[in-house]
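Here the protein sequences line up with chains S and E, keeping their order. Sequential numbering from 1 applies to the first sequence in this note's numbering. Sequential numbering from 1 applies to the second sequence in this note's numbering.
Just so you know, not all the hints are guaranteed correct.
To be verified - From chain S, some residues computed to sit far from chain E (all C-beta separations above 10 Å):
no., residue
1, Ala-231
2, Ala-257
3, Val-270
4, Gly-276
5, Asp-295
6, Thr-322
7, Ala-333
Said to hold, decoys possible - Which residues of chain S face chain E? A few of them, derived with a C-beta cut under 10 Å, are:
no., residue
8, Thr-51
9, Gly-52
10, Pro-199
11, Leu-273
12, Gly-323
13, Arg-328
14, Gly-382
15, Ile-388
16, His-391
17, Pro-394
18, Gln-398
Claimed, not checked - Computed footprint of chain S on chain E; a stretch qualifies when at least three of its residues, placed anywhere within it, have a C-beta under 8 Å from a C-beta of chain S:
no., segment
19, 162 to 171
20, 312 to 322
21, 355 to 368
Please keep in mind that the hints were generated in silico from the structure rather than gathered at the bench. Each residue gets a CB set at the ideal place from its N, CA and C atoms; glycine is no exception.
Protein chains: 2
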Amino acid sequence: MTLTNPHNLRIDIDGLMARLMQLGQDGALEGGGVCRLALSDADKAGRDRVTGWMRALGLEVSIDHIGNMIGVRAGQENLAPVMIGSHIDTVATGGLYDGNLGVLAGLEIIAALNAAGVQTRRPIAVAAFTNEEGARFAPDMMGSAVDRGSLEIGAALAAADADGLTVGEELARIGYRGPAEPGHITPHCFFELHVEQGPVLEEAGFEIGAVTGVQGISWMEYVIEGVSNHAGTTPMRLRRDAGHAAAVIAVEARQIAAKLGGDQVATVGVCALDPGLVNVIARRARITVDLRNTDEALLRRAEAMMAEVVRETAAREQVTITGRRLARFEPVAFDPGMIGLVHDIAAADGRKVMRMPSGAGHDAQMFAPHCPTGMVFVPSKGGISHNIREHTDPEQLQAGADVLMQAVLAKAEETEARS
Amino acid sequence: MTLTNPHNLRIDIDGLMARLMQLGQDGALEGGGVCRLALSDADKAGRDRVTGWMRALGLEVSIDHIGNMIGVRAGQENLAPVMIGSHIDTVATGGLYDGNLGVLAGLEIIAALNAAGVQTRRPIAVAAFTNEEGARFAPDMMGSAVDRGSLEIGAALAAADADGLTVGEELARIGYRGPAEPGHITPHCFFELHVEQGPVLEEAGFEIGAVTGVQGISWMEYVIEGVSNHAGTTPMRLRRDAGHAAAVIAVEARQIAAKLGGDQVATVGVCALDPGLVNVIARRARITVDLRNTDEALLRRAEAMMAEVVRETAAREQVTITGRRLARFEPVAFDPGMIGLVHDIAAADGRKVMRMPSGAGHDAQMFAPHCPTGMVFVPSKGGISHNIREHTDPEQLQAGADVLMQAVLAKAEETEARS
């Protein structure tokens with residue numbers, strides 16, 4: 001029984017804003033922003049609030065062994081649900097939107113369907129996954145990784161924070177070590193609405209990003225060992241300057257990104273010199289190189305170019321350079337049908353929409369290998385995220401949530417998987 | 001009355017080594033080396049030892065208001081003395097030779113003259129100046145600067161260490177705030193024997209450096225302000241990366257030294273990124289640039305080139321760079337007559353000797369504007385100094401001390417200043 005044409009449905013932006021602001025009270029920081037680290041007291045408060053909302057909206061709520069919270073709205077038929085998911089944990093100085101938007105927009109979609117009396121063929125599930133940020137416990141995307149079986153539950157429960165407290169202990173302490181089996185719901189498809197966390201949409205003047213996938217990530221740490229000496233008495237030709245080698249590698253990293261072009265990015269975010277004195281040639285330097293590309297072959301090319309730079313620099317500067325891989329993820333490609341669906345719905349709704357990759361990791365990437373998966377991006381003001389100044393205008397949030405709702409409704413009428 | 005031909009005199013290397021080792025017990029570190037920071041308890045012990053040796057050698061000892069210790073051996077005539085001086089304070093992880101050699105070789109020369117019954121026309125003074133290193137109190141070369149009037153005594157006494165203790169308080173505490181007026185002795189000429197603290201003599205296979213002067217020093221700190229952003233989501237063209245700008249400046253500093261050639265050196269010893277995370281573009285970087293040259297005009301040229309690099313980098317990378325001058329000393333030229341004297345005595349003694357500048361600052365430079373001044377360098381193994389592994393072979397120490405003694409004896413016979 002459909003009382004309203006679902007294609008005219010809009011989410012209630014006032015309702016969404018109210019939920020965002022109320023959830024923002026759990027772990028609120030002086031001066032704005034939120035600290036809601038995974039499994040903290042603030043996280044418990046946010047979880048209680050979100051599960052309360054789920055139940056108030058009539059959803060069937062399950063909590064699994066890793067604390068993932070999934071609320072399901074029944075469909076007309078007993079089919080695999082369309083899942084909307086993200087997370088409500090934050091970094092230590094987080095904003096109101098990262099993660100929260102994806103969960104609360106899901107709830108607001110349920111509210112809109114309830115209010116309009118819309119029945120969908122398939123169930124709709126709204127999921128909040130544990131510890132997406134990885135700010136307190138490693139690895140990040142923990143809950144969605146356990147849900148999809150790419151992280152073993154025992155390893156996840158044993159992960160400890162800096163104080164030695166484990167995920168399992170902290171889940172039990174806050175009452176969210178639930179009875180459900182992780183992955184007990186196999187979704188028909190998966191959607192995530194998220195703030196971009198970058199400047200691309202704003203800079204290009206677009207409202208919606210139809211996310212094509214997640215960049216592959218290659219993190220290396222290089223420890224450079226040279227010889228410490230007096231900055232005045234050591235001729236240039238006799239130096240083995242670890243600091244200089246670090247600077248050369250950092251400049252070359254930028255060159256590699258320029259040579260490869262496209263989506264390739266390269267960042268040297270850590271550079272520490274020892275002893276770090278104005279008049280002493282550094283004996284030791286530690287730098288990190290973060291390389292990302294949406295194309296695995298190009299990412300490997302960047303890694304090979306970087307390795308060659310490191311070899312050449314070590315030989316020329318007569319220093320020893322030891323590399324250590326800190327992280328490596330292959331790029332994730334989202335389902336072309338899902339990308340097209342998001343794009344076409346946004347365009348039909350009169351939104352300026354662009355296909356774009358995600359530079360950051362998201363829960364959605366854990367679902368991509370298992371079911372048709374797509375993401376909707378809305379702009380981040382100034383590209384700022386993981387920061388209390390994170391901001392997206394309400395109209396932009398509405399646009400994203402409306403596109404998400406229409407995409408969900410379209411998929412919820414499918415009788416079998418197609419993409 | 002001369003009992004021995006002074007030209008055949010040699011210092012007693014066993015005596016010099018014994019003094020070096022004994023003084024090395026005051027503030028000795030586990031595993032070798034010394035921590036004898038200025039005006040510490042260890043410095044007091046070293047001072048007591050050195051003034052005890054001065055008195056045992058028959059010297060007239062004076063302690064001035066800044067704690068400089070000067071022992072004078074009378075001459076046949078009441079003329080201005082030939083002064084030998086250096087320091088006995090060390091850095092926190094210092095070696096046995098830096099500074100100490102210059103003072104203790106002076107004492108060993110006195111011992112040799114005493115043993116041989118040599119009377120000189122002019123008095124010979126051996127001075128140990130307070131806080132040459134500047135490792136605890138700024139500025140460095142404090143005692144010699146006060147002695148020669150380039151630093152006001154009140155300012156020196158008020159200088160405080162990291163704990164807020166002042167030079168004046170600490171001098172009084174250890175009993176070395178003496179009654180003599182700083183500068184009460186105006187020397188005929190000044191000599192300092194010192195370890196090179198660099199690799200040049202060893203690398204070239206020379207035994208003695210006839211020091212031509214001290215490099216001019218220009219220290220700048222640059223604080224680079226960019227915009228912190230996500231390393232994955234921020235396209236290269238939209239970055240304002242303070243860390244990248246720092247790396248560019250560090251690489252360009254090396255280029256400036258290469259372009260100017262000669263004695264020009266350039267060092268970036270400090271590079272700190274904020275927030276310093278692998279996946280975050282740095283919002284802020286702090287680096288230092290240490291430029292040195294023996295030629296003031298070339299040093300200014302290097303500074304101008306550096307300033308241009310900073311301007312260009314700020315514009316290209318869209319960052320703000322604020323420079324702050326940390327130190328600036330013009331090059332010091334030693335007296336040509338003194339340089340020639342050291343060179344010729346070493347050559348006549350069969351030593352491989354080269355004229356060379358000092359890359360480090362020394363007490364001698366405070367005397368250069370006021371009286372004929374010269375320095376003798378002996379090799380530093382591996383160019384290592386300010387390090388517990390600082391080492392010079394006993395034969396090399398003997399060679400340097402013998403050259404110093406012959407130069408002192410030559411000057412001590414002069415009836416009036418000439419150079």
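Can you confirm whether chain S covers the segment 312 to 322 of chain E, using C-beta to C-beta distances below 8 Å and requiring at least three such residues? Check failed, 0 qualifying residues.
Would the stated hint for S/Pro-394 survive a check requiring a Cβ distance to chain E of less than 10 Å? violated (22 Å)
Would you assess whether S/Val-270, listed as outside the interface, keeps its beta-carbon beyond 10 Å of every beta-carbon in chain E? violated (5 Å)
Closer than 8 Å Cβ to Cβ for three or more residues is the test here. Does the segment 355 to 368 of chain E pass it with chain S? holds (count 4)
With chain E as the partner, please determine if S/Gly-382 meets the hint condition of a C-beta pair closer than 10 Å. holds (8 Å)
May I ask you to check that S/Gly-276 keeps its beta-carbon over 10 Å from the closest beta-carbon of chain E? Violated, since 5 Å does not exceed 10 Å.
Assertion that S/Ala-231 lies outside the chain E interface [Cβ separation over 10 Å]: violated (4 Å)
Return the status of the interface hint for S/Ile-388: holds when the least beta-carbon distance to chain E is below 10 Å, violated otherwise. violated (13 Å)
Claimed clearance of chain E by S/Ala-333, with the beta carbon kept past 10 Å: holds (16 Å)
Could you let me know if the closest chain E CB is still more than 10 Å away from the CB of S/Ala-257? S/Ala-257 not clear of chain E: closest Cβ-Cβ about 5 Å, inside 10 Å.
Claimed clearance of chain E by S/Asp-295, with the beta carbon kept past 10 Å: Consistent with the label, S/Asp-295 stays out of reach of chain E, its closest Cβ about 14 Å off (over 10 Å).
With a cut-off of 10 Å, does the beta carbon of S/His-391 approach a beta carbon of chain E closely enough for the hint to hold? With Cβ-Cβ at 14 Å, over 10 Å, it is violated.
In terms of the numbered hints stated before, the structure departs from hints 1, 2, 3, 4, 8, 9, 12, 13, 15, 16, 17, 18, 19 and 20, listed from lowest to highest.
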